[in-house]
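Residue numbers (the numbering used here), protein chains in the order written: chain A, 97 to 529; chain B, 147 to 402; chain C, 2 to 489.
Keep in mind that the hints were calculated from the coordinates and are not lab data. Honestly, I wouldn't trust all of these hints.
Label-pair ranges, simulated between beta-carbon atoms [to be verified]:
id: 1; chain 1: A; residue 1: A297; chain 2: C; residue 2: Q66; range: 52 to 60 Å
id: 2; chain 1: A; residue 1: A500; chain 2: B; residue 2: N186; range: 23 to 31 Å
id: 3; chain 1: A; residue 1: R173; chain 2: C; residue 2: S435; range: 57 to 65 Å
id: 4; chain 1: A; residue 1: E105; chain 2: C; residue 2: Q66; range: 27 to 35 Å
id: 5; chain 1: C; residue 1: K285; chain 2: B; residue 2: G378; range: 53 to 61 Å
id: 6; chain 1: A; residue 1: Q229; chain 2: C; residue 2: Y81; range: 22 to 30 Å
id: 7; chain 1: B; residue 1: E213; chain 2: C; residue 2: A123; range: 55 to 63 Å
id: 8; chain 1: A; residue 1: A269; chain 2: C; residue 2: Y81; range: 33 to 41 Å
id: 9; chain 1: B; residue 1: D149; chain 2: C; residue 2: S435; range: 55 to 63 Å
id: 10; chain 1: C; residue 1: P388; chain 2: A; residue 2: G122; range: 31 to 39 Å
id: 11; chain 1: A; residue 1: G122; chain 2: B; residue 2: D163; range: 34 to 42 Å
No farther apart than 30 Å at their CA atoms in a straight line, the calculated lysine-lysine pairs in the DSS-like style are these [what the hints assert, rightly or not]:
id: 12; chain 1: A; residue 1: K430; chain 2: A; residue 2: K462
id: 13; chain 1: B; residue 1: K301; chain 2: A; residue 2: K462
id: 14; chain 1: C; residue 1: K462; chain 2: B; residue 2: K277
id: 15; chain 1: B; residue 1: K275; chain 2: C; residue 2: K462
id: 16; chain 1: A; residue 1: K430; chain 2: B; residue 2: K301
id: 17; chain 1: C; residue 1: K419; chain 2: C; residue 2: K354
id: 18; chain 1: A; residue 1: K462; chain 2: C; residue 2: K285
id: 19; chain 1: C; residue 1: K462; chain 2: A; residue 2: K462
What the simulated footprint calls covered on chain C by chain B, stretch by stretch (three residues with Cβ under 8 Å from a Cβ of chain B suffice, anywhere in the stretch; the number is not a length) [as the list claims (entries may be wrong)]:
id: 20; segment: 262-268
id: 21; segment: 454-460
Using N, Cα and C, we set each Cβ at its ideal position, and we do this for glycine too.
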Amino acid sequence: MSSLLDANERFVALADAIAARDAHPGDAITSLRETGRAAFAERGLPHTRLEEWRYTNLAPLSGLSLEPPSEDGRIDRSLLESLATPVFACGLAVFINGRPQEALGGLPAGDVSLTSLRDADPGTAGRLVDVKQHPLAALSAATTEDGIVVQIPAGVALEHPVHLVFVSSSPDAPSVSSPRVVIEAGAGSRAVVIQDHVSVAGGHAHFTNAVTEVHAGANSDLQLAVIQREDDADIHASNVAVHQERDSRFASHVITLGGRLVRNDLNVVLAGSGAECTMNGLYLGTGDRLIDNHTLVDHAVPHCTSHELYKGVLADDSRGVFRGRVVVRPDAQKTDATQQNPNLLLSDGTEIDTKPQLEIYADDVKCSHGSAIGRIDEEALFYMRARGIGQRDARALLTRGFAAEILATLPGEALAEALTADFVARMTGGTGA
Amino acid sequence: MGDTLLEIQNLHARAGDAQILNGIDLTIRPGEVHAIMGPNGSGKSTLAGVLSGRPGYTVTDGSVRFEEKNLLELEAEERAREGIFLAFQYPVEIPGVTNNYFLKASVNAIREHRGEESLDAIDFLSMAKEKMAIVEMPKDLMARSVNEGFSGGEKKRNEVLQMLLLEPKLAILDETDSGLDIDALRVVASGVNALRDENRSMLVITHYQRLLDYIVPDYVHVLAEGRIQRSGGKELAHELEAKGYGWLGLDEGASA
Amino acid sequence: MAQSTNSEVEALAGREYEHGFITDVEEERIPKGLSEDTVRLISAKKDEPEWLLEWRLKAYRRFLQMLAEDNEPTWANVDYPPIDYQDMYYYAAPKARDELDSLDEVDPEIRATYDKLGIPIAEQERLAGVKIAVDAVFDSVSVATTYKEELNKQGIIFGSFSDAVKEHPELVRKYLGSVVPYSDNFFTALNSAVFSDGSFAYIPKGVRCPMELSTYFRINANETGQFERTLIIAEDSSYVSYLEGCTAPMRDENQLHAAVVELVALDDAEIKYSTVQNWYPGDKDGKGGIYNFVTKRGACRGKRSKISWTQVETGSAITWKYPSCILQGDDSVGEFYSVALTNNKQQADTGTKMIHIGKNTTSTIISKGISAGRGQQSYRGLVRIGPKAHGARNYSQCDSLLLGDECGAHTFPYLEVKNANSTVEHEATTSKISEDQLFYCMQRGLSEEDAISMIVNGFCKEVLRELPMEFAVEAQNLLGVSLEGAVG
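All chains, full assembly: derive it from the sequences and hints.
So, in C-alpha cells, the structure goes:
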C-alpha cells in the first residue's frame, strides 16, 4: 500500500515534469493534461479491492521508476519496417515514445485527414473517457505528449486502412508514453484503422498507456484493430472508448500477443438506434504475463445489436482476466446481445478469472453469454498423432485453429497472416513443450 | 344461415398504422375450399391475422360472421375453440414445453369447450400416433420442445398434425407451402386432404399455384391492394401461374 | 395485447399470499435489542453448556466489531433501508410448558397453524407408503418433531437443535461452525450469537434414511427476527433427503431472517437439501416482507460424497442467499438447482459458490430466474477451481425470463480457474415471453393465463424435477401452474 502511495506521488511528479518540458498553454493537450492530473492526483492507481481491478495487481507498474519519454535516434525507416505489421495503407502515422515522427510517416493521406493533437481544437480529446472512472486513463491524459486525430469525412469510403504505428523504446531507463488517438468517422463513411503497438527489443521496460476515442457517425462503418505485440518486459494499458450513432457499424479487434502486464478497457456506447457493434479479441499468455480485458457495451437505446467474442490462450504460468459487461438500459427494447469468452489453458500453471456479466433493465431483449475454460481436446490430439503428427505440432495446430476464428476476422489478409505467424511463433516459443 | 360458415363483408383493416385491407367480401360455405392468391404485400397474411385474432391489427370497417357469431368480438382462443385454425406461416418456437404436452393441452382446451371429456395421456397418445402417421412425423418430435430445432418441413408438418388433432371447422393455411420441397409439400397436402369433408372448410393462402395441384380448391380469389380483384374456379390459378399478376393489371410485388 | 399480457401476469404472479394469517398464541419474549445479556439470556433459556455460550459470545464480539467497521455486506444488487439491530426481538417462543410426552400435547393453536399450512405434525402417511418426518419451528423454538422414535431405531438422530445440544453435545461441538465459521460474514456472526433453534440431523454410517426429513419454519411474532441454525451430518455411505419450508404472516414491518445451514458429507455420503421458500414478500408496493439473509454451505469432505441444493424461492422482500459446496473429497459432486421468482417490488440476489479443491470434482449449476412486476433479480455465482483440482468439471446455466417491462434480470458469474486440467462452462440467456408465443398458444385454444403458466413451467422444469415429489406439488402451486406433462 505504501508503495502504491509512493508510486502515486512519483507519477504525479512525472506528469509535472512532462508538462514543464513543453508547455503550450491553451491547446488541446494542455487541457487534457490538466484534467487528467487532477483526477489522478485525487484517486491514484487502482487497488485490487475495486471490483474492476479485483484480479489485476498493478505492482509491476507501481514498482517502476518511470522517466519521461525519450527520443531514440536509432529508429530509422528500415528498423520501423522490420517492427511494424505489414499493412498497405492509405495513411501512415508513426509515433516513437508517444511523439509523432513526421519523417517516418507521411504516406499520401488521400481523403482522410491525419492531424497532430497539438494542432486540434481544445476539447477534441477527452470527451468520451471519464477520467474519474478510469485511473489509468487519467494518468495517460496527465502524461500525454501528443496524439493524432483521424478524420474520415462524411460519405467517404477509404480503400485502404489507416495505419498508426506506435514504437516504444527505453534504452536507458524505464519510461512512459501516453499516446492519444481520436477517430472521427463522418456520417456514412467507411474506414479501417490499425493501431499497431510494437517495441524495440532490449533496454528497459516501457509503459505504454494509450487512450483511443472513437466517434462513429450515423450509418458509418468503422473497423479498429488494436495490435499489442510489444516486448515481454513492457507494460501496456489501453482504453478504447466508442460512441456509436444511429445505424453505425463498428467492429474492434483487440489482439494481445506481447507485454508483461496488459490491461485493456473497451467501452462502447450504443447511442443511436440500429447501431451494431462487434467486439473481437484474442489474447495469448506466455511466461508469467498477465492479460486483462475489461469490456462494457452500453445498450442505451432500442434496436441495437452487439456481438462479442474474446478468446484466450494461456500457457506456462500466465494469467488471463476477462470481465465483459453488457448493460441494457430500461428503454433499450429489442436489444440483441451476445457475448462469449472461451479460454484454452495449455499448461498447469495458468490461471483464468472470467466474469461475463449481463445487466438487463428492459424486457424485450434477447441476450446470452457464455464462458468456457478447457484444455486441448485429447481426442483431437490423439487423432492427429495417430496420423503421424508430432505432439508438439499437433498442439500448435489445434491452438492455432482455436485462434483462427478471431485472426480470420481481421481486416486485410496481410495483417491476418502476419499476426497468425507472430501468434504461432510466440506460442511455440512459450510453451517449451 | 345454416349454409354459410364464414361471411366477410366490406372488411377494412390496418396493420399498425398502415391501411392494408380495403373492403374484402367473401363467403365460405361448409365443405368448400377457397384459395387466396396474390402478390407480396397484397394483404394475404393480414387477412389470416384478422380472422384468427392476431394482435397488432385494427379492423376499421366491415364485419365478419362465423356461424351465428360476430367473430371480431371473440378473443383469439375463443375463435380457436369455436373451430378456426390457423396454420402459421412461421410456426413459433416455445422452449421448455414439449410438443406432446402442448398438443394435449390444446386438444383438451377445445374438447372442454365442446363439452367433451378431456383425454388422458394414454388416449391422447394413441390418437396422436394415428395422426402422426398421416404426416409421416418422426416420433421423437413429440418429446422435443414445440418447434424448437425443427427443420422448416418438420414445423409445417407439425402445423398440419395440430390441425388433424383439433379438427377445426375452418382451417386457414397461411403460406403453408412456402419453403417446402416437393416431397414435403406432398406430405403436407395429403395431411390437409385427409381432413377434407362436406362440413369442413378451408381458406388456403398461397403465393404459388403449385400447392393447388395438391389441394384442389373450389374457388380461387386474387387479392391485391387489399381487395379481391377477381374470383373464379381452379383454372384461374393456372392462368395466373402462366401469365403472372401483370395479366390482371397488377404489378408483381406491388405493396399496399 | 401488451396491456393484457401484463395484467394476466400480474393476476398470475400477484395472487394473494395465502399464509399471511397470525396465530393467537401466548408468547414469551426477551426484551428488544441486542447486548451481551441478550446472548447470555438466550443461552440460559436453553440451558446450554459453557463452551456454547463462549462460542456465542465470541460471535457476538465479532459482530460488534463488524458493525463498528460498517461491514454489513453492500455488494449485493439489492436496496433496503438500514436495519436497526437494536429495534427487534431476538427471542420469542410460545409460552413454555413441560416436556411433551406425545405429539398430542402440542398447543392446539400451533397445531391448527400447521394444519392450516398443510403441514402434518402427526405421524400419518401423507400418501400411501410415504412418510415424512417433520420438525416444526415456531418463531425461536422447535415445537414438535415427528417420527423421532422410528428414526432412532436406525440410529438416525433428527430433532431440534436445542435437543441435540443436550443429548449429543459431542456431535454438535465437533461440527458446529466447521463449515460456516461464525466469522464468515456479518450475518453469520449475528446468527452465531443469537441463534435460537433449528433442526439437527445425523445419519450414521451406511444408513439410508427411510423417509424425507423436513423442517417447517414459521415466523409468527411481530418485530421479531428468526435466527435458526441447521446442521446435518451424513456419515460414510449414508443418504438423506431433507426439505425445508418457510412462511410468515403479512405484516407492514420488515422482519429479519438470518439463518445458517451447515452440511457435512463424509465418504460416499449424499445429502439432498431442498427448500421451498415462501416467506411473506411484502405487498405490491413493497411494504413489509421478510429480509431473508441466509448462509448455507455444504462440505463434501469425503471421497465420492455428494451435496445437492434445490431451491424454489418465491417469497421474501429481499433474498440474499448463496447455498454453496466445498468439494474437498476427491470425486465429490456439488449441485445447485434454483428457481427464483421476484414480483412487485421483491429483490433477490442469489446464486451459489462451487469451490473445487479435490481431484475430479464436478459441479452443476442450473439457475432459473423469473422477474415480473418491478422485481429485480440477480444471479451471483462463483466457480473456483483450485490448483490441485485436476480433472475438475463445472457446468453452469443461468437463464432469466422477463414478464412485463419494469423488471430487471442480472447475471454476475465469477469463474476462477487455477488448474489447466479442468473444464468450466458457463451459459446464460435472458428472454421474455414473446407475444408471438402467446398468440400461438391462444390460436390453439389455450387461455393466456394457461399459456404463460405453461411457458414458465417449461422454463423451470429442469429445476422442479429435482424436488422430491411432495415438494414439487407445493412448488407448482406456488408458481401457479400445472406441471402435468410439461415436466419430464
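Verification of the supplied hints:
| no. | hint | verdict |
| --- | --- | --- |
| 1 | A:A297 to C:Q66: 52 to 60 Å | holds (54 Å) |
| 2 | A:A500 to B:N186: 23 to 31 Å | violated (41 Å) |
| 3 | A:R173 to C:S435: 57 to 65 Å | holds (60 Å) |
| 4 | A:E105 to C:Q66: 27 to 35 Å | holds (33 Å) |
| 5 | C:K285 to B:G378: 53 to 61 Å | holds (60 Å) |
| 6 | A:Q229 to C:Y81: 22 to 30 Å | holds (26 Å) |
| 7 | B:E213 to C:A123: 55 to 63 Å | holds (57 Å) |
| 8 | A:A269 to C:Y81: 33 to 41 Å | violated (53 Å) |
| 9 | B:D149 to C:S435: 55 to 63 Å | violated (40 Å) |
| 10 | C:P388 to A:G122: 31 to 39 Å | violated (56 Å) |
| 11 | A:G122 to B:D163: 34 to 42 Å | violated (53 Å) |
| 12 | A:K430 to A:K462 | holds (7 Å) |
| 13 | B:K301 to A:K462 | holds (22 Å) |
| 14 | C:K462 to B:K277 | holds (28 Å) |
| 15 | B:K275 to C:K462 | holds (25 Å) |
| 16 | A:K430 to B:K301 | holds (25 Å) |
| 17 | C:K419 to C:K354 | holds (16 Å) |
| 18 | A:K462 to C:K285 | holds (28 Å) |
| 19 | C:K462 to A:K462 | holds (21 Å) |
| 20 | 262-268 | violated (count 0) |
| 21 | 454-460 | holds (count 5) |
Checked against the numbered hints above, the structure breaks hints 2, 8, 9, 10, 11 and 20 and satisfies the rest.
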